[in-house]
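Student: Protein chains in written order, with this note's numbering: chain A, 1 to 238; chain B, 239 to 667.
Honestly, I wouldn't trust all of these hints.
[As the list claims (entries may be wrong)] Some chain A residues near chain B, calculated using beta-carbon distances under 7 Å:
1. Asp68
2. Thr71
3. Ser88
4. Arg94
5. Ala95
6. Gln103
7. Leu122
8. Ala124
9. Ala148
10. Tyr149
[What the hints assert, rightly or not] Per the computed footprint, the stretches of chain B lying under chain A, defined by three or more beta-carbons under 8 Å from a beta-carbon of chain A, are:
11. 281–289
12. 654–666
Calculated directly from the structure, the hints in this document are not laboratory data.
For glycine and all other residues, C-beta sits at the position ideal for the given N, C-alpha and C.
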Amino acid sequence: MVELESAAAARAAPVLEAVAVSKIYPGSPPVHALREVSVSARAGEHVALVGRSGSGKSTLLNLLGLLDRPTSGEVRLAGADTGALGDSDRTAVRAGGVGFVFQSFHLLDYRTAAENVEVGLLYAGVPRRERRARALEALDAVGLSHRAYASPSTLSGGEKQRVAIARAIGTRPRVLLSDEPTGNLDSDSADVVLSILDSLKPTGVALVTVTHDAHVAAAADLKVSLADGRVVETTRVR
Amino acid sequence: MARRLARGIRGPGHVAATIRRRAGHRPPLPGRGRAAVARDIAAEAALALLGRSGRAAATALSVVVGLAAFVTASGLTATARASVNERFERFAASEVTLADSTPNAPTPAFGPGAIAAVRRLPGVLGAGDLWSLQVRVAPATTLFGGFDPPSASGVNVVAASPGLFSADGASYRFGSAFTALDAAVRGNVAVLGPTAAADLGLGSPDGQQAIVLDGVPFVVVGVLKGVQSEPTLLTDAIVPDATARRLWGPPRSGSELDVAVDPAAAAQVEREVPLMLHPEDPTRLQGITVVQPPILQAAVTGDLTSLLTVVTLAALAISIAGIAVTMYSSISERAFEVGLRRALGATRLQIAAQFIVESLLIGAGGAVVGIALGVCAVVVIAKAHGWLPVLDAGAVALAPLLGAGVGALAGLLPAFRASRLDPAEALRR
Chain A
1 MVELESAAAA
11 RAAPVLEAVA
21 VSKIYPGSPP
31 VHALREVSVS
41 ARAGEHVALV
51 GRSGSGKSTL
61 LNLLGLLDRP
71 TSGEVRLAGA
81 DTGALGDSDR
91 TAVRAGGVGF
101 VFQSFHLLDY
111 RTAAENVEVG
121 LLYAGVPRRE
131 RRARALEALD
141 AVGLSHRAYA
151 SPSTLSGGEK
161 QRVAIARAIG
171 TRPRVLLSDE
181 PTGNLDSDSA
191 DVVLSILDSL
201 KPTGVALVTV
211 THDAHVAAAA
221 DLKVSLADGR
231 VVETTRVR
Chain B
239 MARRLARGIR
249 GPGHVAATIR
259 RRAGHRPPLP
269 GRGRAAVARD
279 IAAEAALALL
289 GRSGRAAATA
299 LSVVVGLAAF
309 VTASGLTATA
319 RASVNERFER
329 FAASEVTLAD
339 STPNAPTPAF
349 GPGAIAAVRR
359 LPGVLGAGDL
369 WSLQVRVAPA
379 TTLFGGFDPP
389 SASGVNVVAA
399 SPGLFSADGA
409 SYRFGSAFTA
419 LDAAVRGNVA
429 VLGPTAAADL
439 GLGSPDGQQA
449 IVLDGVPFVV
459 VGVLKGVQSE
469 PTLLTDAIVP
479 DATARRLWGP
489 PRSGSELDVA
499 VDPAAAAQVE
509 REVPLMLHPE
519 DPTRLQGITV
529 VQPPILQAAV
539 TGDLTSLLTV
549 VTLAALAISI
559 AGIAVTMYSS
569 ISERAFEVGL
579 RRALGATRLQ
589 IAAQFIVESL
599 LIGAGGAVVG
609 IALGVCAVVV
619 IAKAHGWLPV
629 LDAGAVALAP
639 LLGAGVGALA
649 GLLPAFRASR
659 LDPAEALRR
């Protein structure tokens with residue numbers, strides 16, 4: 001009984017959390033990209049960050065992914081504040097704990113699909129002899145095992161994004177951050193990508209997706225709307 | 239971090255470990271040491287280069303040019319040095335000159351049989367003695383009231399043994415040297431240097447001519463064209479030593495002995511002749527070297543080495559600048575890749591190391607091509623000039639390492655810049 005309760009508590013606790021984070025880019029005048037924004041994602045939860053361009057979505061995603069530091073506030077990963085971490089520790093946390101999916105895929109065009117997935121595994125410290133198997137496993141999870149040795153230049157936009165997702169999930173992260181994952185895709189490919197992201201939730205990964213697309217936002221569990229660097233609305237979709 | 243945990247200090251390292259563990263990050267396996275990480279980075283660098291082979295080739299071009307220049311310069315320097323050495327050795331060691339240091343001594347410096355004894359020494363190719371005569375020379379026509387050109391007073395008269403001409407490598411414009419027979423019969427014959435012939439108005443002797451020495455007529459049996467050593471002979475009138483002794487007595491102002499030798503025997507002959515001819519006082523004969531070939535040779539080869547050093551430094555500077563500029567400018571194009579790798583967990587050190595290894599590989603690869611081109615250039619240039627191509631094996635062996643070093647050095651600044659890129663900013667580009 002105690003174990004069940006603790007498991008339930010673990011599921012209820014946010015894996016990723018921004019607490020009153022602000023981000024000010026220095027300049028003349030300084031740019032207030034985020035103003036005391038709080039948002040959280042639990043294990044198996046899909047949170048969509050929506051808003052117009054310049055609303056602060058991508059800035060928030062960078063803070064959540066430990067690619068940038070907030071001017072104030074806290075970014076907590078697995079309940080611990082990451083503010084005191086040095087660059088190398090933040091890098092190590094990203095390597096194994098956070099996956100990224102970008103709008104323009106960011107695949108290395110001189111590597112095959114499998115090799116692109118392996119790059120993520122390399123920095124996560126996975127031994128060379130295990131990387132290929134893990135990469136093929138990840139590609140299989142996104143339905144692209146038959147294109148493992150294809151060059152990115154021969155892949156469609158949807159396939160490229162699926163390779164990018166495979167690269168992100170290859171390290172089995174607790175958090176998957178996507179920045180406009182369907183922004184460059186046709187509707188059919190976008191549906192495939194969305195269904196793949198949705199299929200990841202049972203694995204316990206916390207999904208945070210930045211999107212303009214209402215269709216993507218509707219597929220999330222929680223929709224957080226931002227405007228002028230503030231959270232203006234939080235809607236429980238599911 | 240491990241040390242902090244061991245000490246129980248709950249600093250950021252502890253927090254990081256907690257976060258990594260909770261975030262599901264698996265620490266590297268025990269077997270995955272620095273060597274494995276280094277191997278991975280090297281592989282990533284090599285694949286990145288192969289993936290941009292065109293750009294890599296363009297970047298390597300400066301190294302190709304630089305190292306080709308280096309190998310060409312070192313090869314041509316070695317070729318020139320070998321040629322200079324050969325010429326110096328041929329010139330320096332082909333003749334030994336021994337001078338009488340005590341002209342007023344009661345005994346002659348080179349007594350009867352001395353030259354024959356010297357000729358028998360191992361390594362001696364020929365020998366002849368020589369001394370100045372204080373006699374007046376004039377064209378034979380003056381005996382019959384002919385014109386006595388004033389320039390004739392500038393002609394020196396010397397006595398020499400027949401062997402001197404071959405010892406000094408004489409060649410003739412007209413006739414030949416007087417012979418041993420001429421000397422044996424103490425004949426009145428003379429050989430003129432070309433300048434002496436001109437001064438005596440015998441510039442174009444086309445038949446037998448004569449000169450007068452202190453009123454005694456001498457038949458001109460030859461006019462020199464040139465000599466390999468003892469260039470003063472070109473301005474002299476030369477008569478047989480035996481004839482000079484008969485007419486004017488023994489040498490009064492000292493004499494010298496020119497000995498043609500095998501280059502390898504030069505030093506030994508210079509030591510042995512004084513001991514052999516004057517065992518009681520070997521200092522009676524002094525070895526005379528008109529030039530100091532080893533010193534001059536060292537100076538010339540020193541100049542060549544300086545030239546090589548300058549060319550090498552210039553080549554290296556070109557190579558370093560070429561790689562550094564090209565790689566530095568390529569970072570903007572590769573910003574997204576750097577941002578991606580950083581997002582995926584590459585440390586700043588790993589990014590820097592990858593760029594340095596890429597630069598190192600470009601340097602080494604460019605060096606290999608540069609060596610090949612440089613060797614070809616040396617062979618072609620040497621062949622065109624009729625030289626024997628000589629390659630500095632050390633330089634050729636060193637070149638790939640030099641290229642790699644140049645590459646690594648040139649990669650430092652671009653690597654530093656790449657490692658300092660802000661990943662969030664880089665991903666936005």
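Student: Taking the hints in turn, state whether each one holds.
Tutor: The hints, checked one at a time:
1. Hint on A/Asp68 holds. Least Cβ distance to chain B is approximately 4 Å, under the 7 Å limit.
2. Given hint, A/Thr71 at the interface with chain B, is violated; its Cβ is 14 Å from that chain's nearest Cβ, farther than 7 Å.
3. Residue-level restraint check for A/Ser88 holds (minimum Cβ-Cβ distance to chain B is 6 Å; threshold 7 Å).
4. Taking 7 Å as the C-beta contact cut-off toward chain B, the hint placing A/Arg94 at the interface holds, the least distance being around 5 Å.
5. Look at A/Ala95: its Cβ gets to within about 2 Å of chain B, closer than 7 Å, so that hint holds up.
6. Given hint, A/Gln103 at the interface with chain B, is violated; its Cβ is 10 Å from that chain's nearest Cβ, farther than 7 Å.
7. This hint holds: A/Leu122 has a C-beta 5 Å from the nearest C-beta of chain B, less than the 7 Å allowed.
8. Interface restraint check for A/Ala124: the shortest CB-CB distance to chain B comes to about 6 Å, inside 7 Å, so the restraint holds.
9. For A/Ala148, the shortest C-beta to C-beta distance to chain B is roughly 17 Å, which exceeds 7 Å, and the interface hint is violated.
10. Among the interface hints, the one on A/Tyr149 is violated; its C-beta lies about 15 Å from the nearest C-beta in chain B, farther than the 7 Å criterion.
11. Remark: the segment 281–289 of chain B is confirmed as covered by chain A, as 5 of its residues place a Cβ nearer than 8 Å to a Cβ of that chain, reaching the required three.
12. Counting residues of the segment 654–666 of chain B whose beta-carbon sits less than 8 Å from any beta-carbon of chain A gives 5, enough to reach three: the coverage restraint holds.
The structure fails to meet hints 2, 6, 9, 10 from the earlier list, while all remaining hints are met.
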